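Here the structure of chain Y is known, so what remains is to put chain Z in place on it, guided by the hints.
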Amino acid sequence: MNEIVAGILILLSAFLSMAAGIGIVRFPDVLSRLHASTKPQILGVAAICVAIWLLNPSWGVASTLILVLGFQMMTQPMTAHMIGRAAYRTEYVRADLLIADEIADAVDAASAAEAADAADAAEAAEAAAESRSPDTPGGPANS
Amino acid sequence: MSFLMVVAVLAGVMFGVGALCAVYRIIRGPSILDRALAADVMLAIAICALGAEMAINRHTDTLPVLLVLAMFAIVGSISIARFMSKQDAA
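Protein chains in written order, with my numbering: chain Y, 4 to 146; chain Z, 111 to 200.
Okay, chain Y solo, but in the shape it has when bound:
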């Protein structure tokens, strides 16, 4: 019984690996390839870990497998996030394939705020220069 369940889990993991490989060959840009590639990295490794435990059921094996799975689940989302961010920044994302580009709004808002800040600073500097300049060279009038 354990053998059959473990065999099915191994086949699931192998199928996910094959699907990820086909996905990263067929999909057009980094973000969609990212979507294809993250499946075996979590679900495939989880299925394999359960299969190993089913065929070698002991506590030592279980603890090591939990560590393996924990590391994968901690690190793979970070990797995917960093790759997606770098892809957006270096313009390897095909904008014509996106349904909604939510980060563009944030980038626009941030650059608009920056421009407004710069304008405010320039205005303040101008005002300071004017208040100092008129007929009292060398400092404020009422000091």
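These are computed hints drawn from the structure, not numbers from a lab.
This structure is a prediction, so every number in the text was calculated from the model and none was measured.
Stretch by stretch, here's where chain Y covers chain Z in the computed footprint (C-beta under 8 angstroms, at least three residues):
(1) 131-142
(2) 146-152
(3) 173-179
Computed spacing ranges between beta-carbons, pair by pair:
(4) V110/Y x H169/Z: 48 to 56 angstroms
(5) L101/Y x G122/Z: 33 to 41 angstroms
(6) V123/Z x A115/Y: 53 to 61 angstroms
(7) S189/Z x A127/Y: 36 to 44 angstroms
We put the beta carbon where it would ideally sit given N, CA and C, even for glycine.
What follows is chain Z alone, placed relative to chain Y:
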């Protein structure tokens, strides 16, 4: 031929197809990010294949290898993504 042997052959073929696709993407990949991604997939397939071999042959000798691979999976892609800039995007 036992059930696990059939599983081993089928899984081996599927792992092989996945790994070959990843190698193709590493060779062709238009940007370094595609290559890093494909290398990551390759690593995940290696973890799965080592684990499948362990499960089928009922031993746990390569479990430490699995642990080390899972721990260091993060290093390559994140450092590439972190220190990549626009001019060296190829």
